[in-house]
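Bring the two chains, given one by one in their own frames, into a single complex with the hints.
One-letter residues, chain by chain:
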Amino acid sequence: MISNRKLIWPLLALVAIVQSAALFDMVRARDSLLKSGREITLAVQPVDPRDIFRGDYVTLGYDISRLKTPNAQTDFPPGAASVGSDVYVTLAGATDGSWTLTRVGSAYPSAVAPGETVLKGRVNSIWRDESAGQTFINVRYGIENYFVPEGTGRVLEDKVRSHEIKAIVAVATDGTAALKGLIVDGERHEDPPLL
Amino acid sequence: MAEFAGITAAPRSSQRIAPMIQDHRATAAIQAVKPLPMWSPYKRRIKRDLDRWQSMGWVSGESRAAILADVEASGREFGLAPALGVIASILFGFAAISFVAAHWQEMPRLGRLMLLLATIWSGYGAAGWLNTRGLAQFADAAILFAVGMFGASIMLISQMYNIGGDPADGVLMWWIGALFAGIALRSNPALALAMILVCLWSFFETSQRHAVHWAFLIGWFMVTAAFIWQRWQPGFHLSALTLAAFVVSLGYQLDDGHQHDLVVLIGVIAAGAAVALEKFRPDVDAALGHFASPSFAYALAVALAGLFALQFFETPPLGKLIALAAVALILILAGIAYALSTGNRGALWIGYIGFSAEILTLYGVTIGTILGTSLFFLIAAMIVSLLAYVALRLARQSASTGRPA
Numbered sequence: 001m002i003s004n005r006k007l008i009w010p011l012l013a014l015v016a017i018v019q020s021a022a023l024f025d026m027v028r029a030r031d032s033l034l035k036s037g038r039e040i041t042l043a044v045q046p047v048d049p050r051d052i053f054r055g056d057y058v059t060l061g062y063d064i065s066r067l068k069t070p071n072a073q074t075d076f077p078p079g080a081a082s083v084g085s086d087v088y089v090t091l092a093g094a095t096d097g098s099w100t101l102t103r104v105g106s107a108y109p110s111a112v113a114p115g116e117t118v119l120k121g122r123v124n125s126i127w128r129d130e131s132a133g134q135t136f137i138n139v140r141y142g143i144e145n146y147f148v149p150e151g152t153g154r155v156l157e158d159k160v161r162s163h164e165i166k167a168i169v170a171v172a173t174d175g176t177a178a179l180k181g182l183i184v185d186g187e188r189h190e191d192p193p194l195l
Numbered sequence: 196m197a198e199f200a201g202i203t204a205a206p207r208s209s210q211r212i213a214p215m216i217q218d219h220r221a222t223a224a225i226q227a228v229k230p231l232p233m234w235s236p237y238k239r240r241i242k243r244d245l246d247r248w249q250s251m252g253w254v255s256g257e258s259r260a261a262i263l264a265d266v267e268a269s270g271r272e273f274g275l276a277p278a279l280g281v282i283a284s285i286l287f288g289f290a291a292i293s294f295v296a297a298h299w300q301e302m303p304r305l306g307r308l309m310l311l312l313a314t315i316w317s318g319y320g321a322a323g324w325l326n327t328r329g330l331a332q333f334a335d336a337a338i339l340f341a342v343g344m345f346g347a348s349i350m351l352i353s354q355m356y357n358i359g360g361d362p363a364d365g366v367l368m369w370w371i372g373a374l375f376a377g378i379a380l381r382s383n384p385a386l387a388l389a390m391i392l393v394c395l396w397s398f399f400e401t402s403q404r405h406a407v408h409w410a411f412l413i414g415w416f417m418v419t420a421a422f423i424w425q426r427w428q429p430g431f432h433l434s435a436l437t438l439a440a441f442v443v444s445l446g447y448q449l450d451d452g453h454q455h456d457l458v459v460l461i462g463v464i465a466a467g468a469a470v471a472l473e474k475f476r477p478d479v480d481a482a483l484g485h486f487a488s489p490s491f492a493y494a495l496a497v498a499l500a501g502l503f504a505l506q507f508f509e510t511p512p513l514g515k516l517i518a519l520a521a522v523a524l525i526l527i528l529a530g531i532a533y534a535l536s537t538g539n540r541g542a543l544w545i546g547y548i549g550f551s552a553e554i555l556t557l558y559g560v561t562i563g564t565i566l567g568t569s570l571f572f573l574i575a576a577m578i579v580s581l582l583a584y585v586a587l588r589l590a591r592q593s594a595s596t597g598r599p600a
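First to last, the protein sequences are chains A and B.
Reminder that position 111 of the first sequence reads as 111 in the numbering used here, one-by-one numbering, no gaps.
Reminder that position 44 of the second sequence reads as 239 in the numbering used here, one-by-one numbering, no gaps.
The shape of chain B in the complex, shown without the other chains (with noise of 0.2 Å):
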């Protein structure tokens, strides 16, 4: 996926389709490069890029340690150490719940109430502890472990009075705890578990009433909000799925279930936006922190999975599979051609992935029909070579402006 920083943005499209004849010098550098010890991937890219441009003359020696110890200061990266640490708050709340559970019984009803509440506590004053140390991240980690024992609690509580088969609340209480401590303590992870919470209330809401559950919509709002405020960028791309998502299930509900042509609408119109806004108003992307981009790309993969449900799991006549077909297609090549003209990594993905999908399905329904086998090699046909002009036209008009497609 793209990064919302849109750090990735110009110079990968050049690699891959500026012509690369003048660049075997760039290849032997990329060769003599070690492997790294980084987990980011940016950084591991501005390394090799910094070599080759070295290796050209563009970069001096001294300008590339330079960049180099920016890259490192700022990159505020997710390393080992708290990945595990964050791990290590979900074994711990396992244990925790294991322990309580085991010895559940055998607790007088007060003293189970208080042992609940001082694992939250625990929790809480172990990030605290961890804080002052200036173990920002382990602290995020023990304010993940509070909030599940919060949510553990509940279950422990409607467990002891027999409340039972109505999760969705409990869960809402849960996600609206996630959230208040997120935000309150800044806590990034406590966040992103106040999102997937919200998520699951949602999905126990539909499956107890069979309706869309419209407020979704206000969870999904609050905790988004906490995203921008907070700056975070996977938690950007965790709103955008889970919306994306809400999108696409709005087919399958409303209608009795066939309305999936509103999911493509809504799909069609957010890229037209993402892409209007990335073109004209390229201030106020940058603004917004260059959000035009990955949001084209979760756009697009709400039209192609409307176009997808319309095709094959409303099972339409021959004819208006074709055509539905037809858009489709044209939709991925544009698609596609849109992503390779600005760099969007994520949309080019989704491309690729709806067209091996398209061809696959649409193989898949036709064979077997008298049309069927000869009808698919057509399209394909015809689409492979749509795709190869596109491509050749991208690679001539780079190569003619001096500047990346």
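Looking at chain A on its own, in the form it has when it is part of the complex (with noise of 0.2 Å):
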């Protein structure tokens, strides 16, 4: 501990707002990322409802969670994969409020169109299926975990047995991606922002 008694104060002010400010930086940044990110929501893939809600998170998995190459429209060779590499999925958005996966690759897309988001990700494992000549890709988004309040998640159990719950994303022009909240029977479930 330093042992100048004229200092001490001003120096663990100085430590505790720059400590506090490190922390408000990150709310506010992920506070605008929700704020002003492009929203989407997409289909939460069918997860077993009896394990969905276990402890104070649920795991989403989603179609973009699990790609798989070669397809048509990737120019993300299966050998370019490794874990821990950057993916960058492009999404077109249907009338129907729907997005659908249309390109996969290794770098943010040179041109999108006015309809499309496009998403990063890291790819999590690999998994090569030999016999069939493909390849799949588990990637996360770090959208894949919900945090709920204790207590409530049995009601929100009870209605995911119909699997008809969404997830809404925040999305930022580099693709950075934040889950903002959850769609449950055609009711948001959401926080407001914060700031």
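Take these hints with a grain of salt, some might be off.
Claimed, not checked - Only part of the chain A face toward chain B is listed, based on derived beta-carbon distances under 7 Å:
#1 11
#2 64
#3 83
#4 84
What the hints assert, rightly or not - Ranges of calculated distance between the beta carbons of each label pair, as one might list FRET restraints:
#5 83/A <-> 510/B: 19 to 29 Å
#6 128/A <-> 509/B: 17 to 27 Å
#7 110/A <-> 479/B: 55 to 65 Å
#8 429/B <-> 32/A: 37 to 47 Å
#9 448/B <-> 136/A: 16 to 26 Å
Bear in mind the hints are in silico, worked out from the structure with no lab data behind them.
Even glycine gets a Cβ: it sits at the ideal position worked out from N, Cα and C.
Here it is in structure tokens:
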């Protein structure tokens, strides 16, 4: 511990302010992403309903969580993917509000149509099916965990049995995605922005 | 482990190897010493040695009292009370976290943020109050609490915004915050926490990316520089230990996990450098706070860990295994001999442990093969005879020169 009595209070205040500012900046960055990011909704893949709300957070699976290569739209050769590398998926929006995968690449696409949005993910694991000649790439986008209030999990769990659950995702222009909330049976569950 | 200050070095080996015949008076004196209410092995040892030296007439009662008073005054030992203070601060942290977790949902979100910030500020406030009352070590415990709450806040904000599955980024922010607090407030416990968090960060990154996390070295270097600036010896050991673990982990990561020869090479070179520093430039070593001796111990451990992996993790053919085992045993013997001659307690222990592990594992591996047990006993016999020969030579050498070997 510092021995200079005169300096101790200013230095303590400095450390407290810097750490508080770092936390505040974390909140601000996330808040602005949720507010200004382009909002898309993604269908959550059916998860075993008994399993989904087991802890205080749920793990969500999406169609784009498991990419299959080679496929028609990809410029992402199976050999190029390594665990931990970045993946950019392009989604096209339909009039009914659903989003479908159109392209997969290892870099941000040079041209994005107005109706499209790009999500940035990271390769989590790779599984090769030698007999079918296919590679399955498991990707995480940072939208896989939804924290639920303690005790309210059961109510949501009953609704999830019908599998009518969608995720509200905010996407920044660089592809960073943030989970805003869930739509369960057409009902939005979402926290308002903090700031 | 040998202390970095090298306080323990000289008298140690003479106790071990030098003939004890003329020491019967000393033994009596040692037995007469009552159990001491001290925590420090150094203090305990110097008191015991002083009793012996006084009984031999080398030290007067006056000098003895003066030396003991100096040791008492200069020894900035970590006593029981501050240790309990640190434990208490960790418990306070857990109490705060479980309170927040229990009342989390009832609180408006802005209130949650304010509560988190309030716990951090109260930690630093308590540190300032304790420091002005002259309780610097308790103030350190309060800083540790505040840094812990900083990390807890990162986790709880992540949860607030559904940021999951990427703990590495959060831990990165945490260790930078801990390092900043440690440097600004010159708080050693906060720096130690920063080093542990650098390791945790590296662990998360490695398990996510399945590649060597070289950025670990940046974090390691920054925290180590802070330890050097603080001249905090336990910190040096933490640095050496974490770096040694990183080097050993390289063997399991590079080249699909088959780069243990590189680990051995790094360990041997580092050990050689430590020996060279201690032998040829003792002045530089002293200026660096006698850092060669513990470095040798850690380097020896790294080399042995690499050799161990080469022999028993890689499953080499029998001929290569025997050659590697011979290299390992020669290295262990050389390490033990050097540790004995320089009074390097840490390296001596690593030599003993390495020897036991080597022999036991060799036994386990070779048992059931045709060469099996006979080979094992042959090697063991050769090693023990070699050890005896080395010990005998060292004892003779110390007897003839009249100074500790």
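Results for each hint:
no., hint, result
1, 11, "holds (5 Å)"
2, 64, "violated (15 Å)"
3, 83, "holds (5 Å)"
4, 84, "holds (3 Å)"
5, 83/A <-> 510/B: 19 to 29 Å, "holds (26 Å)"
6, 128/A <-> 509/B: 17 to 27 Å, "holds (26 Å)"
7, 110/A <-> 479/B: 55 to 65 Å, "holds (57 Å)"
8, 429/B <-> 32/A: 37 to 47 Å, "holds (43 Å)"
9, 448/B <-> 136/A: 16 to 26 Å, "holds (25 Å)"
In summary, the structure is inconsistent with hint 2 from the numbered list given earlier, while agreeing with all the others.
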